[in-house]
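Whenever a hint applies, use it, and build me the whole structure from the sequences.
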Amino acid sequence: MTNLRMPKIDRKVISKKDIIVKNLKKIINPEHVLDHQDELKPFETDGLSAYKQKPLIVVFPENTKEVSKILAYCNEERIKVVPRGAGTGLSGGALPLADCVLMSLGKFNKILEIDYKNRCVVAQPGVTNLSITKVVQNKNFYYAPDPSSQIACSIGGNVAENSGGVHSLKYGTTTNNLLGVEVVFMDGTISKLGGKTFDSEGYDLIGLITGSEGLLCVITEVTVKILKKPQVIKAALIGFPTIEDGGNCVSQIISSGIIPAGMEMMDKELIHATDNFVKAGYPRDAESMLIVELDGAEIDVLELMERVNKIAKANKATSIKISKSDKERLKFWAGRKAAFPACGDMAPDYYCMDGTIPRRKLAEVLKEIKRLSKKYNLPVANAFHAGDGNLHPLIMYDSNDKEALAKTEKFGEEILKYCVKVGGVLTGEHGVGIEKRELMCEMFNNNDIQQQIKIKKALDVSSLLNPGKVYPILHKCAEEGRVHIHGGKTKFPNIPRF
Amino acid sequence: MEEKQNFLTSRDSNLLYPENEKEVSEIIKKFYKSNIPLEIIGSGSKRKIGKPLQCGKILSLSKLDGIVEYQPEELYIKVKAGTKIDKIENELKKNKQQLVFEPIDFGYLFTGKSNCGTAAGQVACNISGPRRFKVGSTRDHILGFRAVNGRGDIIKSGGTVVKNVTGYDLSKLICNSFGTLAALTEITFKVLPAPEDSKTLVIHNLGIESAPEYLEKAISSSNEVSGASFLPVDPVCKKCKMNIKNTFKLNDLKYTGSLTALRLEGSKKSIEKRVENLKRELKIQKLDTSELETLQSEIFWKKIQNLEFFSSTKNNIFRIVIPPSECINLIYELPLNFKYFLDWGGAVIWMEGCEISEQKFESIRKKVVKHKGYVSMIKYSDHLPYVEDVFTIDSVRFNISQNIKKSFDPKRILNPGKMYTGI
Chain A
1 MTNLRMPKID RKVISKKDII VKNLKKIINP EHVLDHQDEL KPFETDGLSA
51 YKQKPLIVVF PENTKEVSKI LAYCNEERIK VVPRGAGTGL SGGALPLADC
101 VLMSLGKFNK ILEIDYKNRC VVAQPGVTNL SITKVVQNKN FYYAPDPSSQ
151 IACSIGGNVA ENSGGVHSLK YGTTTNNLLG VEVVFMDGTI SKLGGKTFDS
201 EGYDLIGLIT GSEGLLCVIT EVTVKILKKP QVIKAALIGF PTIEDGGNCV
251 SQIISSGIIP AGMEMMDKEL IHATDNFVKA GYPRDAESML IVELDGAEID
301 VLELMERVNK IAKANKATSI KISKSDKERL KFWAGRKAAF PACGDMAPDY
351 YCMDGTIPRR KLAEVLKEIK RLSKKYNLPV ANAFHAGDGN LHPLIMYDSN
401 DKEALAKTEK FGEEILKYCV KVGGVLTGEH GVGIEKRELM CEMFNNNDIQ
451 QQIKIKKALD VSSLLNPGKV YPILHKCAEE GRVHIHGGKT KFPNIPRF
Chain B
1 MEEKQNFLTS RDSNLLYPEN EKEVSEIIKK FYKSNIPLEI IGSGSKRKIG
51 KPLQCGKILS LSKLDGIVEY QPEELYIKVK AGTKIDKIEN ELKKNKQQLV
101 FEPIDFGYLF TGKSNCGTAA GQVACNISGP RRFKVGSTRD HILGFRAVNG
151 RGDIIKSGGT VVKNVTGYDL SKLICNSFGT LAALTEITFK VLPAPEDSKT
201 LVIHNLGIES APEYLEKAIS SSNEVSGASF LPVDPVCKKC KMNIKNTFKL
251 NDLKYTGSLT ALRLEGSKKS IEKRVENLKR ELKIQKLDTS ELETLQSEIF
301 WKKIQNLEFF SSTKNNIFRI VIPPSECINL IYELPLNFKY FLDWGGAVIW
351 MEGCEISEQK FESIRKKVVK HKGYVSMIKY SDHLPYVEDV FTIDSVRFNI
401 SQNIKKSFDP KRILNPGKMY TGI
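Line by line, the protein sequences are chains A and B. The numbering used here numbers the first residue of the first sequence as 1 and each following residue consecutively. The numbering used here numbers the first residue of the second sequence as 1 and each following residue consecutively.
No wet-lab data here; the hints were simulated from the structure. Hints should not be assumed to be uniformly reliable.
Claimed, not checked - If we take Cβ atoms under 7 Å as the criterion, some of the chain B residues that face chain A in the derived model are:
1) Gly-136
2) Ser-137
3) Val-161
4) Tyr-168
5) Ser-177
6) Arg-274
7) Ser-290
8) Arg-319
9) Ala-347
10) Lys-372
11) Pro-385
12) Asp-389
What the hints assert, rightly or not - Taking lysine-lysine pairs in the BS3-like style, the calculated list, with each CA pair at most 30 Å apart, reads:
13) A:Lys-229 / B:Lys-283
14) B:Lys-113 / B:Lys-254
15) B:Lys-411 / A:Lys-456
Glycine is no exception: its CB is placed at the ideal position from the N, C-alpha and C atoms.
Rendered as structure tokens:
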């Protein structure tokens with residue numbers, strides 16, 4: 001963990017700090033340029049708080065022109081720039097560099113337009129995900145992607161990371177809900193991509209930029225689709241005697257033609273941890289538990305819920321509860337959403353992984369995780385977005401024990417490699433960042449990575465925008481990939497996660 | 001290389017038919033070395049979209065044919081790039097699944113009869129059918145791909161799972177790139193359950209001044225409308241071929257004028273309930289309507305999807321995509337004699353340009369851009385067999401696109417100029 005290699009520090013830039021500050025203060029309001037060590041401290045890390053590095057300078061541009069001027073200046077002077085939204089990311093994508101200008105989009109915090117006729121909202125990137133739904137909910141509309149940190153994470157950050165949430169199978173991730181962006185490239189070029197139309201012409205630059213983790217451009221405006229709220233939402237809470245039974249139930253629900261709005265699975269360890277924590281009324285005797293959420297027209301939801309009920313019974317469900325009210329439905333979710341703090345309550349530290357696997361491999365992967373848990377003698381609890389295959393194992397350990405930390409790191413690495421081995425991927429929603437950078441060659445060969453790096457260079461010739469992220473710096477593909485939280489004290493301990 | 005020349009020989013000496021990815025890579029490497037441009041095609045069904053190419057050789061992906069892996073419960077199908085779309089759809093049907101974005105069969109438009117094209121062609125053009133406004137387009141349903149870039153390197157991106165943020169999402173970029181970035185060799189599509197039943201509610205005799213409002217209201221309701229089109233009878237133009245009446249010969253469809261069509265899909269019980277809701281919410285109980293049950297409803301939307309009413313036209317056909325709110329105002333500004341229909345709830349206008357000139361097309365483009373949309377020439381005619389700008393682009397995006405092209409295809413040997421001169 002501590003041996004993270006980042007791009008070589010440009011001493012010349014550091015020695016010119018005073019001049020750079022002076023020049024930046026000419027470009028934007030001088031009060032929006034921070035350079036004192038105490039002022040820089042809050043920006044030294046993001047949601048991946050194990051890594052810390054103060055930036056050289058922090059800037060808070062207020063409009064697109066200022067972003068453009070700052071980037072053009074930095075490009076000219078060969079100064080690295082790290083963009084930052086709300087700083088809630090879990091893969092270290094906004095980790096500063098010692099010689100960088102950290103660009104916070106915090107002042108871009110306005111909703112610019114609510115357009116019901118075209119069913120979209122235009123917002124500045126610093127607006128939180130949840131506030132988009134909040135401004136349209138009085139007309140029964142909402143914004144579909146709902147990463148669990150939605151009360152704090154910014155919509156610009158969502159675009160940069162292609163954030164998901166628990167409803168991705170039915171409603172897609174950020175990329176499927178985005179109509180337009182305004183972006184600024186490293187040379188200061190401002191471009192409007194898309195708008196309020198479907199499928200903008202030419203190369204799908206919006207698609208390329210979404211999930212590019214701040215490496216290709218800075219996002220200054222976002223236009224997202226809003227959807228009419230479904231008539232009815234209901235959830236079922238189902239307990240199973242084994243992991244396999246739960247896994248089979250998931251597969252059969254999908255293959256019977258049902259696409260649930262959300263489908264979440266937890267293993268026994270997490271059922272107990274979360275139930276202890278929030279008293280959600282979970283089936284404590286079950287080895288695995290499913291929350292199946294269905295939405296749509298009332299008649300459909302009722303009919304499909306009946307089918308889910310039958311499939312669950314056929315798969316030896318030991319308990320089935322169906323929500324009778326929204327209050328009860330939210331209670332079902334309460335435990336699941338408290339998975340992070342609940343684990344924090346059980347052990348001094350935990351790591352969270354973020355692989356995605358084919359659904360049918362769930363039992364196999366969980367069995368392997370249990371085997372590894374024994375091998376490393378470390379407890380693990382598993383949360384699984386069963387609908388879309390995104391697995392979040394939480395490894396519990398005590399970082400005061402140096403050996404345990406090393407073991408945990410090795411454990412995490414083995415899990416991610418196993419995800420890839422069964423046909424899955426390294427990261428479903430947290431991003432690669434610095435965290436899984438060196439594991440990229442588990443999934444990609446040199447040709448694949450070189451093509452991606454060439455795209456980066458096509459848009460950022462000198463590789464100044466958020467360098468050191470996503471692509472391996474070390475050639476050995478080995479290091480760790482997980483979220484490190486010490487003593488339950490995350491950077492944002494009160495935000496629900498994944 | 002001598003013993004490997006077999007894939008270079010073909011029925012037509014200008015056509016290359018590689019049989020696997022390795023051969024695609026070898027061919028492109030060879031052309032890269034000798035700086036010779038190559039036209040990349042699937043089966044050629046959409047070859048006429050875009051700018052005409054003058055390449056010495058054509059690389060056809062049609063022999064990269066076959067389903068590699070189909071996992072119905074994982075909701076994906078992995079196919080070789082040259083696999084025909086109907087073959088994929090037939091395979092999916094066996095498990096009551098579908099490509100939900102409704103790939104358009106351009107055969108009707110270009111040759112007057114079905115010719116559905118390949119997976120690669122569908123991805124390269126990214127033009128999706130009537131359900132697009134609800135479910136997304138082709139680009140929203142590609143989970144991963146393999147391809148050969150302009151250097152001859154085999155590259156891949158994505159995977160088989162829906163939630164994946166590992167590296168740049170090149171599946172999106174490759175979509176709609178018209179073969180100018182890489183020759184696709186394998187594609188993984190996300191698939192979804194096909195609806196059990198379908199019903200179409202048709203409102204008759206609405207004019208352009210009111211129809212888009214009904215479409216918008218229907219889409220903005222929570223009745224899960226999955227098709228929303230307006231087929232006007234105006235304008236009357238003797239030289240335009242678009243003919244609604246002859247295209248839709250359906251027992252339960254009245255022909256008393258324009259058609260404003262709304263589709264609902266799902267289980268029969270659910271559809272009935274939602275149709276009733278919709279009628280009430282739109283307050284159309286007193287209007288003249290028709291209702292098409294599953295069989296006729298499916299035929300109706302297939303014909304819209306495949307643009308069958310244009311099938312015998314000799315005119316230019318172009319496609320305008322705009323914010324739905326701009327639709328009426330734009331229609332009023334467009335030439336009065338051009339036949340058209342609206343799909344995607346008014347977000348797309350398909351138009352038949354009768355005896356159009358390039359100058360007129362450009363003036364239409366200006367109006368479309370003013371309304372924050374874009375226009376593409378889809379079919380040429382003898383009258384206007386070429387336009388300089390098939391697609392709409394601004395100078396900033398052009399420069400970015402040029403740089404991206406270079407990163408995939410530095411010598412511009414793959415479909416050079418197909419989308420834009422210089423790309």
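Do the hints match the structure? See the list:
1. Annotation: interface hint on B:Gly-136 holds; nearest CB of chain A at approximately 5 Å, less than 7 Å.
2. Taking 7 Å as the C-beta cut-off, the interface hint given for B:Ser-137 holds, the closest approach to chain A being about 5 Å.
3. At its closest, the beta carbon of B:Val-161 sits 4 Å from a beta carbon of chain A; the interface hint therefore holds under the 7 Å criterion.
4. A cut of 7 Å between beta carbons decides the hint on B:Tyr-168: the least distance to chain A is about 5 Å, and the hint holds.
5. With 7 Å as the threshold, the beta carbon of B:Ser-177 comes within range of chain A, its nearest partner Cβ sitting at about 6 Å, so the hint holds.
6. Contact between B:Arg-274 and chain A, as hinted, is supported at the beta carbon level, the nearest pair being about 6 Å apart and thus within 7 Å.
7. The closest approach between the C-beta of B:Ser-290 and any C-beta of chain A is roughly 23 Å, which is over the 7 Å cut-off, so the hint fails.
8. Hint status for B:Arg-319 relative to chain A: violated, with the closest Cβ pair at about 10 Å, above 7 Å.
9. Because the beta carbon of B:Ala-347 sits about 6 Å from the nearest beta carbon in chain A, less than 7 Å, this interface hint is met.
10. Because the smallest distance between the Cβ of B:Lys-372 and any Cβ of chain A comes to about 5 Å, under 7 Å, the interface hint for this residue holds.
11. With a least beta-carbon distance of about 21 Å to chain A, the hint placing B:Pro-385 at the interface is violated under the 7 Å criterion.
12. This hint is violated: B:Asp-389 has a C-beta 11 Å from the nearest C-beta of chain A, more than the 7 Å allowed.
13. With a C-alpha separation of about 21 Å, the suggested pairing of A:Lys-229 with B:Lys-283 holds against the 30 Å cut-off.
14. Taking the CA atoms of B:Lys-113 and B:Lys-254, the gap is near 26 Å; set against the 30 Å cutoff, the hint holds.
15. A hinted pair counts as satisfied when its Cα atoms are at most 30 Å apart, and B:Lys-411 with A:Lys-456 qualifies at roughly 18 Å.
In summary, the numbered hints that this structure violates are 7, 8, 11, 12.
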